[in-house]
Amino acid sequence: MGKQNLDFNDEQWRTWARLMEQIQEGDMEAYALLLSEISPLIFNYVRKRVFNPQQVEDVYQDVLLTFHKARHTYQIDRPFSPWLFTVVRNAIWAAIHKRHKVTQKELQLEDLPETAAKTLEDGGLEDDLQEALNSLPEANRRAVEMLKLQGMDVETAAKQLGISKIALKVRAHRGYEQLRKKLMREN
Amino acid sequence: MKKKTTSQDYLKKLPDIQRRAAERLLAEAEPFKPVPSVLKQWFFWMAMAVLVAGISITVLQPQDGFLNRLQELPSGAFLILLFIGSALAAWNGIASSMPGEEPGTASKIWMAVILAAVTAIPIFFFTPDHLKDVLDHDMATGWFCFRTVVLVAIPSWVMLAWMVSRNASFHPGWTGAWLGVSAFLLGTGTIQTHCTHWETTHILVNHLLPMVLLIVLPIWAGSFWLSRWKK
Numbered sequence: 001m002g003k004q005n006l007d008f009n010d011e012q013w014r015t016w017a018r019l020m021e022q023i024q025e026g027d028m029e030a031y032a033l034l035l036s037e038i039s040p041l042i043f044n045y046v047r048k049r050v051f052n053p054q055q056v057e058d059v060y061q062d063v064l065l066t067f068h069k070a071r072h073t074y075q076i077d078r079p080f081s082p083w084l085f086t087v088v089r090n091a092i093w094a095a096i097h098k099r100h101k102v103t104q105k106e107l108q109l110e111d112l113p114e115t116a117a118k119t120l121e122d123g124g125l126e127d128d129l130q131e132a133l134n135s136l137p138e139a140n141r142r143a144v145e146m147l148k149l150q151g152m153d154v155e156t157a158a159k160q161l162g163i164s165k166i167a168l169k170v171r172a173h174r175g176y177e178q179l180r181k182k183l184m185r186e187n
Numbered sequence: 001m002k003k004k005t006t007s008q009d010y011l012k013k014l015p016d017i018q019r020r021a022a023e024r025l026l027a028e029a030e031p032f033k034p035v036p037s038v039l040k041q042w043f044f045w046m047a048m049a050v051l052v053a054g055i056s057i058t059v060l061q062p063q064d065g066f067l068n069r070l071q072e073l074p075s076g077a078f079l080i081l082l083f084i085g086s087a088l089a090a091w092n093g094i095a096s097s098m099p100g101e102e103p104g105t106a107s108k109i110w111m112a113v114i115l116a117a118v119t120a121i122p123i124f125f126f127t128p129d130h131l132k133d134v135l136d137h138d139m140a141t142g143w144f145c146f147r148t149v150v151l152v153a154i155p156s157w158v159m160l161a162w163m164v165s166r167n168a169s170f171h172p173g174w175t176g177a178w179l180g181v182s183a184f185l186l187g188t189g190t191i192q193t194h195c196t197h198w199e200t201t202h203i204l205v206n207h208l209l210p211m212v213l214l215i216v217l218p219i220w221a222g223s224f225w226l227s228r229w230k231k
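Chains as they are written, first to last, in the numbering used here: chain B, 1 to 187; chain Y, 1 to 231.
Check each hint, because a few of them may be wrong.
Here are the computed lysine-lysine pairs in the DSSO-like style, where the Cα-Cα straight-line distance is at most 30 Å [to be verified]:
id, chain 1, residue 1, chain 2, residue 2
1, B, 98, Y, 108
2, Y, 13, B, 48
3, B, 48, Y, 230
4, Y, 13, B, 165
5, Y, 40, B, 69
6, Y, 12, B, 181
7, B, 148, B, 182
8, Y, 13, Y, 132
9, B, 165, B, 182
10, B, 148, B, 69
11, B, 181, B, 165
12, Y, 231, B, 98
13, Y, 12, B, 165
14, B, 69, Y, 230
15, B, 69, Y, 12
16, B, 69, Y, 33
17, Y, 230, B, 165
18, B, 159, Y, 33
Source of the hints: derived by calculation from the structure; they are not laboratory data.
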């Protein structure tokens, strides 16, 4: 944290603290100005701490959202930097932890298409699979189809659906779970 | 005439990713009320704790010769430490839910010392008694002291957690635990003003064991309730 304090002078931190005070009074332009000034700082902080470059953008968005949700806890008579970096540090940790859990679940589910393919060779499951797929909620079905049947990468599919990558992964994950349950019940 | 700078103008200079994220936040931003400082929240809780303890003691009635009992050093120190411990744990709980205000090492060490002291004082300074007698007495009275500690602690914890749930705890389980320790010590302090059994095993089993056994509840409940601000 000391390192970050060196990057900006005390006057800069005091200005941001004053902007926080104005934001708490409902000044939206002060919020825009503060976001325009601290966004690069937060982005660089995230980039230095998240080793997977594909995750930097998602983690950054989570961190900024956490900052937004925690902004009511800033005390205007207290220094801004300890508050900001506590929020950012904890939000980065939480975002990485959340993604790690999603990845672990995805890894556990990776054998799902193989299992289906093996049974397909024996014949008889194609209809069941299609039926199970059709019964999924629209959003989850689209996510599974795009990622597993059409073989699209997460970024392209997310862009096409107009949602974030993490939201797409969550939909796909739910879809796999529902699909697995249905197929297990039927077999 | 000079054009007035708008929110969009401020964000223009940002790279795309950062600008889009900032625009989303600005679109969602609504007026909000800042939470009071840790000190103000703590003072508010102290007033509530005095009220809770005051009502409970009035209902239960203080034990006969209570003031004389307090003049004995171990008894007086034990009771005072229970209330100081409750107040300190409440401070740590509130502070742990405010970013940048989390309790420091010194505060945690003091808390550990107080908890060690409230366990050690009954063991080393109070009249020894037998577990069998304590359990027989508990069966006859329906675990009155144990129940009272829990009955004071649970609503106290709920009130404290409700107040703290407006803050932003990044470690809700820990926050729940601090608040739980505070609520249970308040319950123990309250029953201690009423109960005439200043004996080692009775106090360990009926007045302190509820906290040890049930502390998982505030940790579990806290991990859900106190993380709702992120949703």
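How the hints compare with the structure:
no.	hint	verdict
1	B/98 <-> Y/108	holds, 29 Å
2	Y/13 <-> B/48	holds, 22 Å
3	B/48 <-> Y/230	holds, 24 Å
4	Y/13 <-> B/165	holds, 25 Å
5	Y/40 <-> B/69	holds, 21 Å
6	Y/12 <-> B/181	violated, 48 Å
7	B/148 <-> B/182	holds, 17 Å
8	Y/13 <-> Y/132	violated, 76 Å
9	B/165 <-> B/182	holds, 26 Å
10	B/148 <-> B/69	violated, 35 Å
11	B/181 <-> B/165	holds, 24 Å
12	Y/231 <-> B/98	holds, 14 Å
13	Y/12 <-> B/165	holds, 24 Å
14	B/69 <-> Y/230	holds, 7 Å
15	B/69 <-> Y/12	holds, 23 Å
16	B/69 <-> Y/33	holds, 12 Å
17	Y/230 <-> B/165	holds, 19 Å
18	B/159 <-> Y/33	violated, 36 Å
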